[in-house]
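Engineer: Residues per chain are reported as follows:
2 protein chains.
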Amino acid sequence: MPDIIGHNYIGGARSAAGTVTLYSHDASSGEALPYPFYQATPGEVDAAAQAAAQAYPTFRNLSAERRAHFLEAIAAQLDALGSDFIELVTRETALPNARILGERGRTSGQLRLFAQVLRRGDFLAARIDRAQPDRQPLPRADIRQYRLGVGPVAVFGASNFPLAFSTAGGDTAAALAAGCPVVFKAHSGHMASAEQVADAIIRAAELTGMPKGVFNMIYGAGVGAALVKHPAIQAVGFTGSLKGGRALCDMAAARPQPIPVFAEMSSINPVLLLPQALALRGERIAAELAASVLLGCGQFCTKPGLVIGVRSPAFSAFTVHLAAQLAEQPPQTMLNAQTLASYHNGVTALLAHPGITHLSGQALQPRQAQPQLLRADASLLIEADPVLQEEVFGPATVLVEVADRYELLQALNGLHGQLTATLIGEPSDLQSHADVLPLLEQKVGRVLFNGYPTGVEVCDAMVHGGPYPATSDARGTSVGSLAIERFLRPVCYQNCPDELLPEALQNANPLGIARLVDGRSSRESL
Amino acid sequence: MPDIIGHNYIGGARSAAGTVTLYSHDASSGEALPYPFYQATPGEVDAAAQAAAQAYPTFRNLSAERRAHFLEAIAAQLDALGSDFIELVTRETALPNARILGERGRTSGQLRLFAQVLRRGDFLAARIDRAQPDRQPLPRADIRQYRLGVGPVAVFGASNFPLAFSTAGGDTAAALAAGCPVVFKAHSGHMASAEQVADAIIRAAELTGMPKGVFNMIYGAGVGAALVKHPAIQAVGFTGSLKGGRALCDMAAARPQPIPVFAEMSSINPVLLLPQALALRGERIAAELAASVLLGCGQFCTKPGLVIGVRSPAFSAFTVHLAAQLAEQPPQTMLNAQTLASYHNGVTALLAHPGITHLSGQALQPRQAQPQLLRADASLLIEADPVLQEEVFGPATVLVEVADRYELLQALNGLHGQLTATLIGEPSDLQSHADVLPLLEQKVGRVLFNGYPTGVEVCDAMVHGGPYPATSDARGTSVGSLAIERFLRPVCYQNCPDELLPEALQNANPLGIARLVDGRSSRESL
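So the sequence lines, in the order shown, correspond to chains A and B. When you number the first sequence by numbering that gives the first Met the number 0, it's gap-free, plus one each residue, and the end is 525. When you number the second sequence by numbering that gives the first Met the number 0, it's gap-free, plus one each residue, and the end is 525.
Worth double-checking, as some hints may not be accurate.
If several chains are the same, the list does not tell them apart, and a pair holds so long as it fits within one copy or across any two.
Result set (SDA-like, lysine to any residue): computed pairs, CA atoms no more than 20 Å apart in a straight line [stated by the list, open to error]:
# : residue 1 : residue 2
1 : 211       : 60
2 : 242       : 252
3 : 228       : 252
4 : 242       : 341
5 : 242       : 254
6 : 228       : 257
7 : 228       : 83
No wet-lab data here; the hints were simulated from the structure.
The shape of chain A in the complex, shown without the other chains (with noise of 0.2 Å):
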C-alpha cells in the first residue's frame, strides 16, 4: 500500500492542523479508500499561499537554466513512479492502465518541453532600445524589457487529466516554467494520486536546492476560493467547469487587487461535415467520429459535442451509420458519481427541449454512462439557445442538420467561443465552403481539418484556449509551451548600469538568446 499521510504541503513540510478529513473513492466500486486526507484550515491556506510568497523572490531569479533542470527532475521522479502509483490513479479514475502510463508520459514530456523553452529563452522576450544621446530634439535613453513571472499562482486541477491537467500537470508547468511557485489545490476525485505526485515534485526540489514552497498543495472542499482570495496569490490557472471556472473568475475579479485567471471551462467542439466528404466516405466518418466522441468515456475537452451537416442523402446515410456505432457501445465507468450525475442531468435537459430528439443510445444507467446520439433542430443553434451550448461531459453528441449554406453560416454565427471546431471536407468543399474558416477563426482556439479534436499535441504552435465560454481569456493556452505566457509580464530598465541588469538583457548577452536590438532580432552582443 502506498505511503499516503494526507496532510497538507506548505512550504517544503506536511501539516494536517484541520480535524475536517475527506476520502477519495475507487472510481469503479465507489468504495472509500483507506487513506484520511486533512482539509486545510484557514491558517493553513494563508500559510500556503505565504510560503510560495517567500519562496518567489528566490526561485523568480534562479536562472532558466536552474528551472529547467527543476522540471526535468520532476519529470524524471514521474517517470521512475512504480506500478504502483499507475494502479492507484487507475482505481482512483477508472481511467485504464494504458492510458494513465500515456498521460504520464504526455505529463513528463510538458516538464521537459517547458525545460527547452526555458533555455531556448524566446519566454524572456528580451527588448533592447540602445541610448541615442545625440538625439533631437531630445536624446533617447537606454531601454531594456524582459519578462519576468507575475507571482505566486493557485492551481486547480482537473478530474479528466489526473496527471497532465493536474497537480504537475500543464498549468503547474508552466507557471514554475515561469518563475512562479504555486500552490494547488488537490482535486477531490484524486487525492491519493495527487499526493504522489506532490511528493515526486518535492523530491525532485529538494534534489535540485529549490526554495521551500515552489510548491504546495492543499486538500479540502471550498478551500480553493480562500486561496483565490489570498492577496499574495497574482493568477490562477483552472480547467473545470464553467461553473467552477466562473465563480473563481468573479472571485478574482471583485479582489481588492483583482488578478488573472484562465479557466478552462465549457466547450461543444462542433464538427462541420461537408457534402462531397460525406458522400465520399460518409461511413468511415461516422466511425471515427464515433471513436472520437467515445474516447475516455467522452471525457475529454475537446470531445465533439456537436455535428453539423447540409440535408443530403448522404447526411442521412452518414446519420444512421452514426446512429449504429454508438447503439452498439457498451456502458462505461465514469472518473466519479458526480461526473455521472451531471452527465446525466446533461443528457435528460437535452432531451428535455421540445427541439431536441433521441436518435440511438441504450437507457441511462445508475452505475455507468451509456453513450447517447440526440438530433436538434437547426433554429437552436440560430436562434442561439442556450440549451446547445453548455457542454455535456460524457459520451453524447448532437447532429444538427441544416438546410444549406447559408443556414450553415446563421448556425455557426449563433455558436459561443470554443476550444475547437473541425472541418471535415474533400479540397472541392473547402473551396466551395470559404467563407466559413474566417468565421470559425473568430470561435475558437483551434481549427482542425479532416481530424478529430481529441488528443491535444503538447508542442509550440499548439493553442488549447478560446473565447469565452470555452476559456476565461482567449489570449491564453493551458496546452502548449505558448502556456508560459499567461504567468509572465515585462518590466523595463532605463538606463540600468550592465552589471545590475538581469543576463537576458546584459551588453555581452550570456545567455546567447535573440533579442530584439533597436528594432531588429539579433543574437550578438553589444
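Following the hints, position chain B against chain A.
Structural biologist: What follows is chain B alone, placed relative to chain A:
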C-alpha cells in the same frame, strides 16, 4: 473657426439622434466653447459597437501592409492639421503650444511605429510544428499558430494627453494595428480636439479604403458604461483615475462574457535618493526633481509623487533645496476645473493626516494649482497606510525620511504596484543597496536609474504598465510597440491545406517573417 458639428461618428457617418448636448470649455477662462456635442443615445452606442463589429471581419483580414498604410495615413492627416487645431487643443486643455506640437509629433510617431511593427511581422508570433507522420506511438499532425485581433475595442482617452493618450493615441493605434476596430469615447475635457482628430482618422480611413466602422466615436456622460457592456466589444483600453478604471473593470468582469480591461490608473512613482548621490549632488537632484514634479503642472501619470531618502545631513540639505525650489514656483492652470478640484482634495486629504506635514508651497488658490511639498512619517509606508498609496494628480510630492537601509526595505515593501520607480545613486550606492532592485522589480513596470520618470519613450522596449493599481493588468503596456499584444489572441490550424492558411503560416513564407519552426526561429520557406 473650425468646422465642428458635435455629432457622433458611427460606421463612417455622423449621427445626432439625441437631445442632450454637452460643451467643452476654455481651460484658462472656464468659458464654454460654442460647440454643442450630442450625447450618444443608447441606440447610437449600440450602432457604434455594431458598426465596429461589422467592420471587424474585413479589417482583421486586411494584410498587415494595408493596416500599416492606414496608420501612416492617420499620422499624415494629424501632421497636416493647421495651427488652428493646435490653438484649439491649447484652449481646451491649457497645455502650452509647444507641448501640443511635441505631443502631436509623438502621436503621429506612435502610429508610424505601429506601422513598422506591422511590417516587421513579429506581432504575428507565427509558430509552426510540422507533421511527423512516422512518429511513434502516434503520428504528429501539422500545427500552425499565429495571432489575430480579438475584435472591436472600446477606448477611453486620458485628459492629460489630449493627443497621445486620446482619440488617435496609443490605445487606438495599438488596437487598429492589431486589426481591431475601435469605438472611442471622446473625453469630455477636449471634445472639440477629439472631433478634429476623429475627422483626420476618418479621412485616412477613406483614403486607404478601410471598411466603414473601423473607427467610431461617441460623446456623452455615462455612455461609456453601455459601451463596455455591449456584447460586440471584446476588450477595453482606458487611461484615467483609479475609481473610473476600476468601475470599468468591474463592469467588464460582470458581463455574461467577461472581457479584458487594460486600465492605466494610479501610480505615485517613488524616487529613491541614495546617500552618496545626495552627498555629491543633492542640490542638482533637488532642481531636477522639482522640474519633473512641475512638468506639465504635475499632470503626468509618471509624476514623482513620493521621494524617499535615508536620514543624513545630505538628505536634510536636499530637503531644504527642494522646498525652496517648490516655494518659488508660480501657480499654473490645470486641464480643467475638475482636475483642479481633485488636486485640492488630494492635497487637503494628505494634510489632514496626522502623519503628514506641510514643507513648502503657497496656499491653495481657487483658479490655479500651487505646487506643494509635504513630508510623511516613514511609518505610513511601513504600515501601508492607504493615504500615501493613491496618486494626487498635480504638482505635489511627498518626502519620506527613513532611518536606515532596513527601514527603507520595509517602506518599499509597503508600496502598491507602480508604473515606475527611480533610483538616484552613485555606483557605490547601487552596490550597497543591491537588495533594493529585486524588490522594485516586483512592484513596477519600469525602473529608472539616475533619471526622472516623466517623459515616456515610445519604443519597442518601453513598459508603461505595472502591478495594480498602476494598471488593471500588469501583463500589458499602454506605451510602446508591445501595447499591440493586449489586443491579440492566438489561433492554431491543424492539418490545414496550405492555400487556406493565413500568409503568415504558408509554407512559402510570403511575408518573409521570422517564425518558430519546430522549435527554431527561421525565415526560410518550408
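Engineer: If the cutoff is 20 Å on CA atoms, where do residue 242 and residue 341 land: within, between, both or neither? Let me know, please.
Structural biologist: Result: close within a single copy only, 12 Å intra versus 41 Å inter.
Engineer: Under a CA distance limit of 20 Å, which applies to residue 242 and residue 254: within one copy, between copies, both, or neither?
Structural biologist: both (19 Å within a copy, 15 Å between copies)
Engineer: Up to 20 Å between alpha-carbons, please classify residue 228 paired with residue 83: within, between, both or neither.
Structural biologist: neither (37 Å within a copy, 53 Å between copies)
Engineer: Are the CA atoms of residue 228 and residue 257 at most 20 Å apart within a copy, between copies, both, or neither?
Structural biologist: Answer is both: 9 Å inside a copy and 19 Å across each meet the 20 Å cutoff.
Engineer: Checking an output row: residue 211 and residue 60, CA cutoff 20 Å. Within, between, both or neither?
Structural biologist: Cα proximity of residue 211 and residue 60: one copy only (14 Å, versus 49 Å across).
Engineer: If the cutoff is 20 Å on CA atoms, where do residue 228 and residue 252 land: within, between, both or neither? Let me know, please.
Structural biologist: both (10 Å within a copy, 16 Å between copies)
Engineer: Regarding residue 242 and residue 252, is the shortest C-alpha distance of 20 Å or less found within a copy, between copies, in both, or in neither?
Structural biologist: Both. Shortest intra-copy (15 Å) and inter-copy (15 Å) distances satisfy the 20 Å Cα cut-off.
Comparing the model with each numbered hint stated earlier shows that hint 7 is the single one that does not hold.
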